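Participant: Can you build the whole structure from these sequences, using the hints too?
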Amino acid sequence: MMEGSRHGILTCDRGGPAQPLLSVRDLTRHFGGRRAWIGAKVGERRGAVRAVDGVSFDVAKGETLGIVGESGCGKSTLARLITQIIAADAGEVIFDGEAVGTSALDLSAYRREVQMVFQDSYASLNPRLTVEETVAFGPRVHGLARRDAIDRAHDLISRVGLDPTRFAARYPHELSGGQRQRVNIARALALQPRLLILDEAVSALDKSIEAQVLNLLVDLKDEFGLTYMFISHDLNVVRFMSDRVMVMYLGKVAELGAADVILANPRHPYTMALLASMPSMDPDRRTTEAPLSGDPPNPIDPPSGCRFHTRCKFATPVCAQTAPALAEVGPAHRAACLMAAPGSAHPQAPPGAAVAA
Amino acid sequence: MSGGAPIVEVEGLTVDFVGGAKPLRAVDGVDLTLRPGEVLALLGESGSGKSVTLRALMRLLPERRAVIAGKVRVDGHDVRALSKSDLTAYRGRTIAMIYQEPGIALDPVYRVGDQIAEAVMRHEGASRREARTRALELFERVRIPSAARRLDNYAHEMSGGMRQRAMIALALACRPKVLLADEPTTALDATVQIQVLLLLRELQRELGLAVIFVTHDIGVATEIADRIAVMYAGRIVETGACRDIIRTPAHPYTGGLLASRAGGAQAKGGRLAAIPGVPPDLSNLPPGCAFAPRCKQVQPVCEQAVPAEASIGHDHRARCVLLSAGSAAGQREVFGETT
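Heads up: the protein sequence lines correspond to chains A and B, in order. Everything in the first sequence is counted per numbering that gives the first Met the number 0, starting at 0 for the first residue and increasing by one. Everything in the second sequence is counted per numbering that gives the first Met the number 0, starting at 0 for the first residue and increasing by one.
Treat the hints with care, since some could be wrong.
What the hints assert, rightly or not - Here are the simulated SDA-like pairs of lysine to any residue, each with C-alpha atoms no more than 25 Å apart in a straight line:
| no. | chain 1 | residue 1 | chain 2 | residue 2 |
| --- | --- | --- | --- | --- |
| 1 | B | Lys295 | A | Gly176 |
| 2 | A | Lys220 | B | Gly276 |
| 3 | B | Lys21 | A | Lys220 |
| 4 | A | Lys220 | A | Asp162 |
| 5 | B | Lys295 | A | Asp218 |
Worth flagging that the hints you see were computed from the coordinates, not collected in a lab. Just so we're clear, the structure is a prediction, and the values are computed from it rather than from any experiment.
Facilitator: See below:
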């Protein structure tokens, strides 16, 4: 039914299932600070917030990649860089084999393929547009006739679980938080994207509503063959949604791998601490000791070497000097920790030849 | 852990907000008792009345717009009858409150140490020097690193976790007996949240505080509470020991909340056992059980009158007609899967 209503908006799989839908290479974005004009580091910003600092990963077609981390780790900046809401300082985003922003894939074509749902369901809707106008807006901008755009909007509104006859003419303030988030999801789907970035999309919802929206997201993924990037601070929700998980800390990737592997057998001390910080659900086995002390450091002046070394209980002097690269620690499982890097100077590192970081 | 006469007694507390377009009942007949040294978690979603209940205990609700009925006694004071000057003494020395956003609760233009010292001077008549010493002790007690230097910080110069610790220090400045906590860890990162929860648990034990802890997170309630009271649409629908609520929930809403949690037993990619529907409009509550429109086990009688409180076990009560019918076996069958 949606196939028939594509109306010239073409979405085609270019590289086949083996080619990643999204490849991110060395993506970097620093905010603020002053650019150096002279010296060895010309162009580099000093005193800047290093929000995303050399992040690389792939998202396979049809998978859900969960991204977890605390505030300031760069997960939301990463989402905004990928959607090109903000420009990157360095690095590239490759969508199904085509570099984004080139003649092969210009921004307007790219934005039909990648859409985003934000945390604040109210702030992300225009208060002066009805639900129907909100959902039809994107298709209209991209050249769909008004009548067809409205038809598509009604179809999507019903697919996200709202009755178009009751909700199409309502304004955002007439909806509950869960209903507004459903409208945001419908709007994101209106251009028939292939990648949906969900940035804390269920975090502001009440628990009983959160479960409904998570179920909806699972259903829509199957129905439309979508790929998700699911950003959340809630490990329980990430465990439920994700095939693979990427853990970020202060603008860098700490660990990346299959969800069931990472959450059951984490290799990076930060992932371990994050898991151990989750409140216990057993009143007889409460947490007795906080896994980490203090707050995450300020990303303006991140610690040298491994950025986690100031809070890590396994840290040795070498951790303050050497920044660990993401190293293979298992099948499709990588961690950026000197304890996992063969031949690093960390006493707990596996033996082997040193690999250049 | 708990003993002696109750320090907080609330009976039939009802709060109506008037003056808006439609009057609405935010809290409807809440009964609470809390003994010294006991931690009670008020668990509920937005609009369930948990924060309004806390504010009624502090008498922070706007007098003209909030019509309060019922009995509220804290440490021998009839809170509703307190005069303005008694209220000033009551707040801070008998009862104190910490909030979700320390950035808003702390004054941005005064140094944090001065705010604490001011409270001590005002309530205890201490000299400035004594008050500063007290503030330093408190900062050390809540484990703020380099406490002496941090006293001279403004709120914006502290990180989120440290601000929350500073607010706890401020709340404890005048040695209150009852601490009210309104989602104090919700805005914090996971690794910081657990630190603050452990700190609160430690302070509560050492100072023998009675704590009412409002949260929407069952996990947080499990970490901190001796007893849990589950609120829905202004009413307490179930109350009992933390263990009983988590392991053998009696009310369908509590059972539904536990069953719908992601990350429980269900496999990835499966479906969550979500509670259908949305919470009711507080200005237009159904005459019967407020949860009935969303309840899987709804019966005609549910829609007629608000169910009476039924006792299920030791200090474990719930408002559900299935329980008043007295079929404990039926309940176990219904919620067997969540335990």
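Participant: Hints first: check each against the structure and report whether it holds.
Facilitator: Hint by hint, here is what the structure shows:
Taking the CA atoms of B:Lys295 and A:Gly176, the gap is near 23 Å; set against the 25 Å cutoff, the hint holds. At most 25 Å may separate the alpha-carbon atoms for a hinted pair to count; A:Lys220 and B:Gly276 meet this at roughly 22 Å. The straight-line distance between the Cα atoms of B:Lys21 and A:Lys220 is roughly 41 Å, outside the 25 Å bound, and the hint therefore fails. In summary, the hint linking A:Lys220 to A:Asp162 is supported, as the alpha carbons are separated by about 20 Å, within the 25 Å threshold.
For the hint linking B:Lys295 to A:Asp218, the alpha-carbon distance of about 22 Å falls within 25 Å, and the restraint holds.
The structure does not agree with numbered hint 3 stated previously, though it agrees with all others.
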